[in-house]
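One line per chain: the protein sequences are A and B, in this order. Residues in the first sequence are numbered from 828 upward in steps of one, following our numbering. Residues in the second sequence are numbered from 7 upward in steps of one, following our numbering.
Keep in mind the hints are simulated off the structure, nothing from the lab. Accuracy of the hints is not assured; some may be wrong.
With a straight-line cut-off of 30 Å between C-alpha atoms, the simulated DSS-like cross-links for lysine-lysine are [claimed, not checked]:
| hint | chain 1 | residue 1 | chain 2 | residue 2 |
| --- | --- | --- | --- | --- |
| 1 | A | Lys925 | A | Lys964 |
| 2 | B | Lys147 | A | Lys925 |
| 3 | B | Lys147 | A | Lys960 |
| 4 | A | Lys964 | B | Lys147 |
Short, incomplete list of chain B residues facing chain A, as computed with Cβ under 7 Å [as the list claims (entries may be wrong)]:
| hint | residue |
| --- | --- |
| 5 | Ser140 |
| 6 | Lys147 |
| 7 | Ser213 |
Now the in silico label distances, taken between C-beta atoms and shown as ranges [claimed, not checked]:
| hint | chain 1 | residue 1 | chain 2 | residue 2 | range |
| --- | --- | --- | --- | --- | --- |
| 8 | A | Asp917 | B | Ile281 | 24 to 32 Å |
| 9 | A | Ser955 | B | Gly424 | 36 to 44 Å |
| 10 | B | Phe232 | A | Leu979 | 33 to 41 Å |
| 11 | A | Ser955 | B | Pro313 | 48 to 56 Å |
| 12 | B | Gly228 | A | Arg934 | 51 to 59 Å |
| 13 | A | Ile991 | B | Gly198 | 29 to 37 Å |
| 14 | A | Leu979 | B | Arg206 | 53 to 61 Å |
| 15 | A | Gly909 | B | Ala242 | 43 to 51 Å |
| 16 | B | Ala242 | A | Leu979 | 53 to 61 Å |
| 17 | B | Gly47 | A | His929 | 33 to 41 Å |
| 18 | A | Pro976 | B | Ala202 | 37 to 45 Å |
Here a beta-carbon is modelled for each residue, glycine too, at the ideal position from N, C-alpha and C.
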Amino acid sequence: MAGNESQGRSVVVWVCEGTWRASVDAGLGLAPAGARFTLLHVTPAEVADAAHGAYLGLFGRGHGAGRDPGARLDDLAAASAGDLLARAADRLGRDCEKLEIHGHAERAVVAASAQADLLVMARDGDRSRLGPKSLGKAARFVVDHAACPVLLVWPEPAPDITTIPPPPQHPAPPSIAD
Amino acid sequence: MGESLALIALVAVLAWAVVRPRGWPEAVVAVPAAVILIAAGAIGGSSAITEARQLGPVIGFLAAILVLAHLCDDDGLFQACGAWMARTATSHQTGTGARRLLAQVFVIASVTTAVLSLDATVVLLTPVVFATASRLDVRAKPQVYACTHLANSASLLLPVSNLTNLLAFAASGLAFGRFAALMALPWLAVIGTEYAVFTRFFAADLSVRPHPDPDRREKDTGLPVFTLAVLALTLAGFAGASAAGVNPAWAAFAGAAVLAVRALARHRVAPVALIRAADLPFLLFVLGLGIVVKTVVSNGLGTALAPLLPGGTSLPALLATAALAAALANVCNNLPAVLVLLPLAAPSGAGAVLAVLLGVNIGPNLSYTGSLATLLWRRILRRHGSAPDLGEFTRLGLLTVPAGLLVAVLALWVSLHGAGG
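So that you can see chain B by itself, here it is in the shape it has in the complex:
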């Protein structure tokens, strides 16, 4: 009874999160669902509180990163990236500029995702990349697809790159620097694989040479040096705090606070906008979802999945773990997938936890939001007469995801065993 109730609650929470009737927040169903499960006794009150205690700091960390990215955008960081890409893509006459622009988009999107999380790439960088492509008179499609793909697959490097990483980081017991050191090679391997596939897949679109009109030249806005310096110090703070045994979330708070005080003092941002950027309803949603998933796992899904998850960090075990994680992320969504798999993988050590991350971060390039969510999205849009054509997206995903998973797992295995880990 508890099992089916928990599953119904999970499906309802996920379905609401995708459909969001009347634009209501996700938490509207997630929080009551968690309360109902606790009231019905499907999950004990104390284990719900333990779950909330574990999720709290992670969610706070995410809020700080969201605010940090918002302030970087306000200070013109992404506009400066666009101007830099436009300037350098046309200053070299060798090769086609569209291909050069793609290489720059790969660099900027990978670094943005790693440092400011995938949200920044999707929400803040993608429109800038599109505008840059059209200003250069090249096709925007490969450049925009690069942003959406790298938002997922380039979110491996740092704990702050993805909410899934933040959740796993708390469970893995790794230091910030150690996490980054182990994930650096998989991160580079996946980006390289994506680039190799993209240049072939979009060869026709990339053969177009840019012809920017001289009178439409981007005016040079200059680099936001202060913001970049704060970002660099924040990154150093992550590693330093973690090495000193302090939660690196404090470094994120400090970085966000410095930029926020400066922006508020200059009247460039309203306090309300900062609170909105922190996205409190979403934080409540993660809390509710965490408790619902915990209930599903402890009511049978955990014991059902446990035999599928191999123990240890041998190459076949890492491959199987990453593949299972990718499959689960594609069935539902990577957020519930990582919440389900973390407690099962954690006893096998940090290597297994990182393999789960490879799966849940690279996997979503096969089906945007997990197939359940994608199906719902298609149904809604079809009703409005504009069902998205997922053919090209799926073909691209079939080329990049299995190959990316394979090279990433190999690279992780080398990092774990080659580097004396």
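Extracted from the complex, chain A is given alone in its bound form:
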């Protein structure tokens, strides 16, 4: 990574459906000047596999060219990912590399950001009750295993700190079990 200094830091932005705008904006706003951007999108393999598996369950019905929904989903997913990356690149408004991976999101992101100086990603969990669940399984895995610093952003404006519940007034006495 020593060679990166001369070319600028490398920043990987993990682009996901619904949350990509916040990630791109944070990458643009907080990355060091002259950073080289990679926009990364992962299409989960399970989606097309599920459709293909259900299709196999029909045995011979509906066979024929272009009938396998697994293959159709693969095509649709490739088109949709390309489109999403193009819109993210538009929003970034700078030269960037676009990377589309088909596989397990969490492992693909960790692998793709292994040589990066910064990974930007958004929370992907249930944010209606703030707490551990505001990180989904994939984000949790990436935060735990990423080999580079991670910038974790809110998909919407960050909640005010007054939303943190007050500390308990009368903490329960420690139980004396044995």
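Using the hints, position chain B against chain A.
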């Protein structure tokens, strides 16, 4: 000798159906296998003919439904469903739109499966649902899994919803309307269970709010009113024909014929496409498979399984029947499973036959095509370097299948005994 020959034939038929070397049809092995069993004397010629006579009308019914679904797709029915889902999922600002979209997918996939069979949901609706999700900028995974799950578990309602139902319908002696009345409660109970599990299992994916780009708005294609009217009349025709003692398959033929004539007159479909939609090789496959399974059952499997199948329609008996059916559907596949179990369950009455259907229709959500088929599929894909990860699918199945079976059997028991049945 007949027993092992029949078993080898069954395994060969199923293995070929999954692998389909060079894309050859399933019938290539199923039909010769049936002929060999008849020639070897493992099954009498007359019982083979009886089996074929029983399967013939069922297969014709299925062909009519496949053509009907194909014509509905040609007329833009599923595109209209996608446009409706996209429009309404974003028009409400309360709650997250992904969750709202999931509720709509549940409604559309359940109704599509019930009326036009699971094939329509898997082949025609799933790609539309995926495209809708990506247009709305939400994660497609829960929505696609919902389609694949409901294609199985929401196929309980009508005889036309699943080939397994058509086979059981012929064996049960129930009228079309009575079948639907008994299965309505189990159908709703299973869909409710699936929805409760899905909203928890995919809570993270569903928390994403849709952000459709204004310039990518779906253009409103309008509802295919004519097609919907024909579908509604066909449904009424099923119940009416059956009540009048006429095979409801004729209503399906009539509905398919009306749409086909209209599409042909407007040059919107080629006659060849209609014949292809009817899928003749598959119909031959079912015929061959039926005769092979019949041979396996009469050569010992029937007597081996009979003690496992409790008689009667008490709650424990229904539970055991559904559990056995689900287990068998997961060992081989639900098509041979239902062919094996129907003659054993039929003497116990319609309740037992419907319990078999609960098992063979809900069960496959544990292992797509039965474990034998899934194993083969994994081996083929691993050779190509892309073995599917079945972990998430299996975890989801473990949460929905036992719970779905339990509530469905309870609901069936209530329908059978509570409603004076």
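For each hint, the structure was consulted:
no.	hint	result
1	A:Lys925 with A:Lys964	holds, 24 Å
2	B:Lys147 with A:Lys925	holds, 22 Å
3	B:Lys147 with A:Lys960	holds, 19 Å
4	A:Lys964 with B:Lys147	holds, 14 Å
5	Ser140	holds, 4 Å
6	Lys147	holds, 5 Å
7	Ser213	holds, 5 Å
8	A:Asp917 with B:Ile281: 24 to 32 Å	violated, 47 Å
9	A:Ser955 with B:Gly424: 36 to 44 Å	holds, 38 Å
10	B:Phe232 with A:Leu979: 33 to 41 Å	violated, 53 Å
11	A:Ser955 with B:Pro313: 48 to 56 Å	holds, 52 Å
12	B:Gly228 with A:Arg934: 51 to 59 Å	violated, 44 Å
13	A:Ile991 with B:Gly198: 29 to 37 Å	holds, 36 Å
14	A:Leu979 with B:Arg206: 53 to 61 Å	violated, 24 Å
15	A:Gly909 with B:Ala242: 43 to 51 Å	holds, 46 Å
16	B:Ala242 with A:Leu979: 53 to 61 Å	holds, 56 Å
17	B:Gly47 with A:His929: 33 to 41 Å	violated, 52 Å
18	A:Pro976 with B:Ala202: 37 to 45 Å	holds, 39 Å
When each numbered hint is compared with the structure, violations occur for hints 8, 10, 12, 14 and 17.
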